[in-house]
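Could you put together the complete structure from these sequences and hints?
For the protein sequence lines, the chains are A and B, in the order given. Residue 92 in the working numbering is what sits at position 81 of the first sequence, and the numbering runs on without skipping anything. Residue 182 in the working numbering is what sits at position 149 of the second sequence, and the numbering runs on without skipping anything.
Treat the hints with caution; some may be incorrect.
Said to hold, decoys possible - Quick list of the computed label-pair ranges, beta carbon to beta carbon:
no., chain 1, residue 1, chain 2, residue 2, range
1, B, Leu337, A, Leu120, 29 to 39 Å
2, A, Met12, B, Lys215, 35 to 45 Å
3, B, Asp108, A, Thr69, 20 to 30 Å
4, B, Asp274, A, Leu119, 16 to 26 Å
5, A, Lys24, B, Ser182, 40 to 50 Å
6, A, Thr69, B, Phe72, 49 to 59 Å
7, B, Ser182, A, Glu102, 34 to 44 Å
8, B, Leu303, A, Pro30, 49 to 59 Å
Simulated from the structure, these hints should not be mistaken for laboratory data. All values reported here derive from a predicted model rather than from experimental measurement. Just so you know, even glycine gets a beta-carbon here, dropped at the ideal spot from N, CA and C.
Read off the chains here:
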Amino acid sequence: MPTITFVKPDGSKLSVTAPVGTTILEIAQEHGLNLEGACEGSMACSTCHVIVDDTYFTLLDCASEDEEDILDLASGLTATSRLGCQIVVSERLDGLILYVPAGHRNALLG
Amino acid sequence: MTTYSITGAATPLNFPIYLDNQSTTATDPQVLEQMLPFFIAKPGNPHSDGHEFGKEAMDAVEVARNQVANIIGADPREIIFTSGATESNNLALKGLADFYGSKRNQIITTQTEHKCVLETCKRLEASGYEILFLPVQKSGLLATETLDSAISDDTLVVSVMAAHNEIGVVQKLDEIGALCKKWGAFFHTDAAQAVGKIPLDVKAMNIDLMSISGHKIYGPKGIGALYIRRRPRVRIKPQIDGGGQERGMRSGTLSTPLCVGLGEACGLALEALQSEPARLLALRNRLCSGITSAIPDTLVHGDLQLRLPGNLNISFPGINSDQIMSATPDIAFSSGSACTSNSIEPSYVIESLGCTEQEARGAIRFGLGRFTTVDEIDYSIDRITNIVSSLRAE
Numbered sequence: 012m013p014t015i016t017f018v019k020p021d022g023s024k025l026s027v028t029a030p031v032g033t034t035i036l037e038i039a040q041e042h043g044l045n046l047e048g049a050c051e052g053s054m055a056c057s058t059c060h061v062i063v064d065d066t067y068f069t070l071l072d073c074a075s076e077d078e079e080d081i082l083d084l085a086s087g088l089t090a091t092s093r094l095g096c097q098i099v100v101s102e103r104l105d106g107l108i109l110y111v112p113a114g115h116r117n118a119l120l121g
Numbered sequence: 034m035t036t037y038s039i040t041g042a043a044t045p046l047n048f049p050i051y052l053d054n055q056s057t058t059a060t061d062p063q064v065l066e067q068m069l070p071f072f073i074a075k076p077g078n079p080h081s082d083g084h085e086f087g088k089e090a091m092d093a094v095e096v097a098r099n100q101v102a103n104i105i106g107a108d109p110r111e112i113i114f115t116s117g118a119t120e121s122n123n124l125a126l127k128g129l130a131d132f133y134g135s136k137r138n139q140i141i142t143t144q145t146e147h148k149c150v151l152e153t154c155k156r157l158e159a160s161g162y163e164i165l166f167l168p169v170q171k172s173g174l175l176a177t178e179t180l181d182s183a184i185s186d187d188t189l190v191v192s193v194m195a196a197h198n199e200i201g202v203v204q205k206l207d208e209i210g211a212l213c214k215k216w217g218a219f220f221h222t223d224a225a226q227a228v229g230k231i232p233l234d235v236k237a238m239n240i241d242l243m244s245i246s247g248h249k250i251y252g253p254k255g256i257g258a259l260y261i262r263r264r265p266r267v268r269i270k271p272q273i274d275g276g277g278q279e280r281g282m283r284s285g286t287l288s289t290p291l292c293v294g295l296g297e298a299c300g301l302a303l304e305a306l307q308s309e310p311a312r313l314l315a316l317r318n319r320l321c322s323g324i325t326s327a328i329p330d331t332l333v334h335g336d337l338q339l340r341l342p343g344n345l346n347i348s349f350p351g352i353n354s355d356q357i358m359s360a361t362p363d364i365a366f367s368s369g370s371a372c373t374s375n376s377i378e379p380s381y382v383i384e385s386l387g388c389t390e391q392e393a394r395g396a397i398r399f400g401l402g403r404f405t406t407v408d409e410i411d412y413s414i415d416r417i418t419n420i421v422s423s424l425r426a427e
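This is the structure we're talking about:
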């Protein structure tokens with residue numbers, strides 16, 4: 012199983028193994044990380060915003076237009092930001108490093 | 034000197050004759066007509082759409098957004114309204130630098146850009162970005178090879194004006210766009226002078242960001258727009274914080290009448306693109322040949338082929354622009370650009386073309402527009418050539 016490393020806002024790291032086919036949001040929640048996923052993966056809230064390490068960003072499939080629209084609303088957006096609910100774990104993502112932002116904005120709340 | 038009938042002619046001349054349409058244009062009466070209801074009868078805030086007033090304002094703003102998008106081949110969601118091209122240029126370059134800057138540290142532009150691009154670049158340079166101010170050729174055109182040898186994988190953005198405000202030269206946008214795409218750099222163009230004057234297609238030209246102005250295209254002053262590509266998404270860091278209007282990129286309540294005015298101006302300009310360029314070109318050629326045949330040593334600045342049809346920039350060796358201008362209060366034209374004409378410095382643009390300081394001091398710009406008539410051109414030819422001859426005889 013691929014290994015995914017989350018870097019928390021305080022700099023501490025959590026490396027976990029992730030089954031192929033699950034989403035980053037699911038993995039994060041399973042391991043108690045602070046990704047709310049208020050809209051349960053329907054690309055409406057941006058609370059599962061993660062920042063992908065530069066090295067791995069180009070390995071991901073491109074974001075859809077809907078995902079980009081919600082990312083526009085995310086707090087602390089960067090050039091390598093993605094929604095955790097849209098990243099599906101695959102073998103080629105083994106070693107993936109993700110930064111969890113210090114804060115999230117729930118676009119459902121306006 | 035020919036005598037002109039001011040009141041008795043079929044199309045009487047109104048003085049002074051306005052030949053400074055690159056500086057600004059009169060608002061087209063059709064544009065003003067569309068704007069007026071939104072000052073008093075329809076006062077709603079377009080961002081406060083919980084009632085009829087807000088809804089009709091929001092609907093009008095979105096119609097305008099469509100009209101702006103249409104004229105450059107964009108999606109309406111790629112258009113954000115600003116106060117004008119100066120703000121758009123600032124927002125584009127500072128916004129890109131603030132968002133992406135740590136990944137790429139170089140910005141490429143030309144020496145002949147508008148002051149607001151040059152000054153923005155200088156500010157970014159002071160904060161650590163490397164700025165390359167590329168020279169242009171004698172024609173005013175940026176040589177593609179010059180850009181090719183400068184651009185690299187450290188280039189964040191290339192910013193080149195679409196059509197020049199002083200010399201009217203139209204850059205090879207498709208070639209610049211192709212190079213930017215090849216290197217993964219963003220392509221920004223200040224199209225304040227180009228929109229509605231020449232056909233523009235942001236997709237075909239691979240343009241990522243484009244600055245647009247209202248008052249250069251017979252719309253009102255105080256409104257402009259920034260086109261910013263959605264796919265692949267281009268992001269900027271907002272430079273004005275506030276209520277998050279314009280999808281977070283430019284906070285502040287939109288002026289419905291100004292947005293409507295810009296939209297209508299774009300709508301009219303798009304229609305006029307069918308016939309107006311040929312009419313203006315004929316007038317410009319008439320002005321150019323009328324002057325140069327009478328004064329053979331006239332210098333014409335900038336390429337005459339790749340050029341806005343309504344622009345002519347010339348100088349007469351030995352004569353300063355202020356001498357001609359003070360002798361012709363009946364014709365409104367300018368030296369340099371409107372933004373630098375209060376300065377006694379010679380045009381940095383004309384100097385960048387390899388001209389002498391004296392030639393740059395002599396440069397005068399004629400900007401022909403939608404309301405320019407052939408009689409006005411003929412009158413101007415006569416006046417200018419006579420003034421030059423008499424100044425030289427002194």
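Consistency of the hints with the structure:
1. Judged by the Cβ atoms, the range 29 to 39 Å given for Leu337(B) and Leu120(A) is violated: they are separated by roughly 59 Å.
2. In this structure, Met12(A) and Lys215(B) meet the distance hint of 35 to 45 Å, their C-beta atoms being roughly 39 Å apart.
3. The hint said 20 to 30 Å for the Cβ distance between Asp108(B) and Thr69(A), and at roughly 25 Å that hint holds.
4. Distance hint check for Asp274(B) and Leu119(A): the Cβ-Cβ separation is about 22 Å, which falls inside the suggested range of 16 to 26 Å.
5. In this structure the supplied range 40 to 50 Å holds for Lys24(A) paired with Ser182(B), their Cβ-Cβ distance being about 44 Å.
6. Checked against the hint of 49 to 59 Å, the pair Thr69(A) and Phe72(B) passes, with Cβ atoms roughly 51 Å apart.
7. Taken as a hint, the range 34 to 44 Å holds for the pair Ser182(B) and Glu102(A), whose Cβ atoms sit roughly 42 Å apart.
8. A C-beta distance of roughly 54 Å is found between Leu303(B) and Pro30(A), which places it inside the suggested range of 49 to 59 Å.
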